[in-house]
Amino acid sequence: MENNPSSSRTDRKTIERNRRNQMKALYSTLNSLVPHQRPMEATSLPDQLDEATKYIKRLQTNLERMKERKERLMGIEKPDAAAATSSSGNSSGTITTGLRSPQIEIHEMGSALEVVLTTGLDFQFMFIETIRLLHEEGVEIVNASFNVVEDTIFHTIHSKIGDSGSDHDASARISERLKKFGQDGSAF
2 MENNPSSSRT DRKTIERNRR NQMKALYSTL NSLVPHQRPM EATSLPDQLD EATKYIKRLQ
62 TNLERMKERK ERLMGIEKPD AAAATSSSGN SSGTITTGLR SPQIEIHEMG SALEVVLTTG
122 LDFQFMFIET IRLLHEEGVE IVNASFNVVE DTIFHTIHSK IGDSGSDHDA SARISERLKK
182 FGQDGSAF
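Heads up, the sequence shown is in this note's numbering, so the first residue is 2 and it goes up one at a time.
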């Protein structure tokens, strides 16, 4: 059989037919994954491939746009020297919009404690963590509010420290924990 030319020709034909069938199945699978604007119309194979290529490019563009939006919402901006210099006057080459570091101000008034937390949109978790810290210390939250101005959030928490004789010690300890939390932004 090895020397028979018609047998090798038949083998090649079979191999080629199998390859074409496999390619046809792959094209069909690809075509089924692409949304069609004209589903009733039969399109040629090159048109199907062109449509699939355009669809994949649109998906890539949308993916990049969504990644950029996610980064903006999370407060992660890509360095862009031209935009940074022109929009914020910052010559370091980074955009700082939305990357506001949290600031904590603590005002002690006897057994009352006022905490003013100023954060960017990307540090909203700090408000919850501040409330959690106050709760751990046994502080009663009297009132909590917030105001949003552009990309800055101002949280104000009015609280009351317990009626024990060590109000000043508790106030100092809470203030120290809040200040430490504001500096490193980590869990307490």
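Note that these hints are calculated values from the structure, not bench results.
Don't take every hint at face value.
Below are the DSS-like pairs computed for lysine-lysine, each with C-alpha atoms no more than 30 Å apart in a straight line [to be verified]: (1) Lys25 - Lys14; (2) Lys71 - Lys58; (3) Lys58 - Lys25; (4) Lys181 - Lys71; (5) Lys68 - Lys55; (6) Lys161 - Lys181; (7) Lys71 - Lys55; (8) Lys68 - Lys58; (9) Lys161 - Lys180; (10) Lys25 - Lys55.
Ranges between beta-carbon positions, derived for each pair [stated by the list, open to error]: (11) Asp152 - Pro47: 44 to 52 Å; (12) Val149 - Glu69: 20 to 28 Å; (13) Arg178 - Met67: 51 to 59 Å.
This one's a predicted model, so the numbers in the text were calculated from it and none came from an experiment.
Even for Gly, the Cβ is constructed at its ideal location relative to N, Cα and C.
Here is how each hint holds up against the structure:
1. Lys25 - Lys14: It holds: about 16 Å lies between the C-alpha atoms, which stays within 30 Å.
2. Lys71 - Lys58: OK: Lys71 and Lys58 at ~20 Å, within 30 Å.
3. Lys58 - Lys25: 23 Å, holds
4. Lys181 - Lys71: Satisfied, since the Cα-Cα distance of roughly 29 Å is no more than 30 Å.
5. Lys68 - Lys55: Cα-Cα ~20 Å, so holds.
6. Lys161 - Lys181: 20 Å, holds
7. Lys71 - Lys55: With Cα atoms ~24 Å apart, Lys71 and Lys55 stay inside 30 Å; holds.
8. Lys68 - Lys58: Roughly 15 Å separates the two Cα atoms, so the pair holds.
9. Lys161 - Lys180: Satisfied, since the Cα-Cα distance of roughly 18 Å is no more than 30 Å.
10. Lys25 - Lys55: Distance ~20 Å between Lys25 and Lys55 Cα, so the pair holds.
11. Asp152 - Pro47: 44 to 52 Å: 49 Å, holds
12. Val149 - Glu69: 20 to 28 Å: At 22 Å between Cβs, range holds.
13. Arg178 - Met67: 51 to 59 Å: 38 Å Cβ-Cβ, so the 51 to 59 Å window is violated.
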